[in-house]
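Got chain Z; can you put chain F on it based on the hints?
Top line first, the protein sequences correspond to chains Z and F. Just so you know, we're using my numbering here: the first sequence kicks off at 413 and counts up by one. Just so you know, we're using my numbering here: the second sequence kicks off at 721 and counts up by one.
Rather than coming from a laboratory, the hints here were simulated on the basis of the structure. Don't take every hint at face value.
[Said to hold, decoys possible] Not everything, but these chain Z residues come out facing chain F in the computed CB check (under 8 angstroms):
id : residue
1  : R485
2  : F509
3  : V526
4  : S528
5  : A530
6  : E534
Don't be surprised by glycine CBs; every beta carbon is placed ideally from N, CA and C.
Residue strings, one per chain:
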Amino acid sequence: MTGFSLCVIGTSHAGAVWQAWKSGAIAAREGFSMVVFASQATTIEMEHRDCSLIPVNPTVSTMFALTSGGKDRIEIDKYDAFLLVGLGWGIDLARTFTRCNVVEHLAHGPADTVVSHACLVEMIRAHNTKALALTVARQIRADSAAPILIYPTPFRPETMLSEESDPCLSDRALLDNIMPRSIAAVSELGVQHGCEVFWQHPETVALPGLTKARFAKGAVNLRESIERDSKHVNPDFAVLSLQAILQRLGQAAPGGMPDRINNHDAGPDAREFIQPAV
Amino acid sequence: MKSPYIGLKPNRFWRTGVSEAHPLTVPDLYQKKFAIAASDKIATAGSCFAQHVANYLRTNGFSVVDFEPSPVFLSPETAKEFGYGIYSARYGNIYTVRQLLQLARDAGKGTVDALNVWTKGDRFYDALRPNIEPNGFDSPEEVMALREQHLIKVKKLFRRMSVFIFTLGLTEAWVDTRTGRVFPTAPGTIAGDFDPSIYEFKNFSYDEIHADFAEFLDLVSARNRDLKIILTVSPVPLTATATDNHVLIATTYSKSVLRAVAGNLADTYPNVDYFPSYEMIASPWSKGFFYESNMRAVNSGGVAAVMRVFFDQHGTCEIPVAEEARSEEAASERRRRRSQKRTPRAERQRPATEEVAGERRRRRPSERSPGAERQIAAAEETQPEAGGERRRRPLEGRASGNERQRRERPSRTEAKAARAEVKAARAKARAETTEAKADEVVCEEILLEAFNP
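Okay, chain Z solo, but in the shape it has when bound:
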């Protein structure tokens, strides 16, 4: 059986993916390998040169080397598929509602910028057109026809409902209206750029647009494991997503059982990864 190499490029959300992979809970085919290039979202900018993506910022180079087991650049032609994790891609209703409101908000008091549902969906789509994920996808596409999958930033955990004052975030009717349309619009945007968007596993979703609280417990980012986090998720979440992605790529092990334990992969230790010396 020939090997299959998946290149994961991501922001802090790749931390959970990496840990899920290292945990051995992912059932992959023999010959499947995964290399993770991750760094903090705000610093990732890559130059496309000689069929490679080379970080502009030295900190990103360091992080890439740390997360990939020594590689400071992404050699595009060495991978069979790409998984873009986070990179500004996703739907964050809480954030969108800080910029505008919908008519449902009027039931809770005056609102300044009220837009239609259709316009809100368009705003969410437009926000994703500026995501780093699309920039990276375009850079990859210049040299490779390999599948590019996008693993969006996880929805905010449902725990934020108690923290946030916006009552519309728990308005089921509104969410049922907005979220499927937004997901369809953003997915279509991905397709237009030659990418397939892999939304989070239905089992992880509490309300449309919100992640179940249990997946936020022990959330992981690139720096540390956090007991409670308003943005990140834990490796259990990533296991579900990654398993589905491998299935899509035809790299899931038959029968859903691991062909091998991933822990014997050459690469940095999980502990090293989540507490980088930077």
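Just chain F now, kept in the frame of chain Z:
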């Protein structure tokens, strides 16, 4: 032998004023009635042609207000599809004076009527502005709630604008016989169904239009006494007429009536001026060269020629010295402006409000258009750390300690993002200047071809 025409200026005679004059050098075609100051908040409304006017005013540094600005993230193209950024509020095209009056009445009372919701398939449209949502609204409730919000903004706009530029477009309209309301489009074109028992055709007369505008003026002036109005007549012919006449005859009738009303209003009211864009585009003078091949849409050269005449008179945000000198307040304002010129950029930045879409032109000996300068300034304002200001920071930091320097200095990423934003704004400004120049070149070429065969 005496004649009342002896001794008149050359522009009073067709031969010297028109047939022998070059439309790009039109002396004395338009004499402004009042000046537009830098501080004036300009609002625009009307038919399609008014869109061009607003764009040019913004580009030339006038403060064109927008009380319903585009939500974040939307590209300018998408925003336009959703009716944002076209006029000073999201009212879409206002073709008839009755429609304008109706808007002012509704804004004053907050009137929203469920009868003005049209449908198309399973989507819902605001019949009074059916173009603002490309695919309609989700529900009648959404239509009405957003209309209510819109009227709140329009009310504010009508109270706060200081110059209102309105382009009169049509005399023909469709009226709901149940409510007496007029619509910008006929039912059944964008949405809704045409039911002859409900909707009837109306071709407004001179008297009706005049009375409607007078009422509008009364309504708005009651809360906005210093309002100045500039009227124009759209040179865009009718797409279709519902009269029994040929569309050419209907167009001539419609434009003639509107032109006559506008002229009389300008003669009657000291705060109403008429700007002759219609004459420049539609008269024999320009030989039809300012129209696109469909002989309807006005080409970019035509708009550029018209606006050149406008700016020849109104300059770019001029401040009339005589008027200003009358008040001590104005004098102190002048002193403040002078001192601002000496103040470093970041210190004199005022917070951008959503209402002010245009900023006063920053005068520089530059090739860039004033609007272009404004964009750069706006980008620099949003990232005040970028550019020269940031370069000055390290000195301050050293003077007051490294800790402060660290605190004040932006992160590399922030600074980089700021620089990128300024760079993008400069590129956009360059593109805009090039575009404006290209318009003028097109305009010159068309006319040179026309007059020097």
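| task | Any hints from earlier that this structure breaks? Give me their numbers in increasing order, please. | result | Checked against the structure, the hints that fail are numbers 1, 2, while the rest are satisfied.
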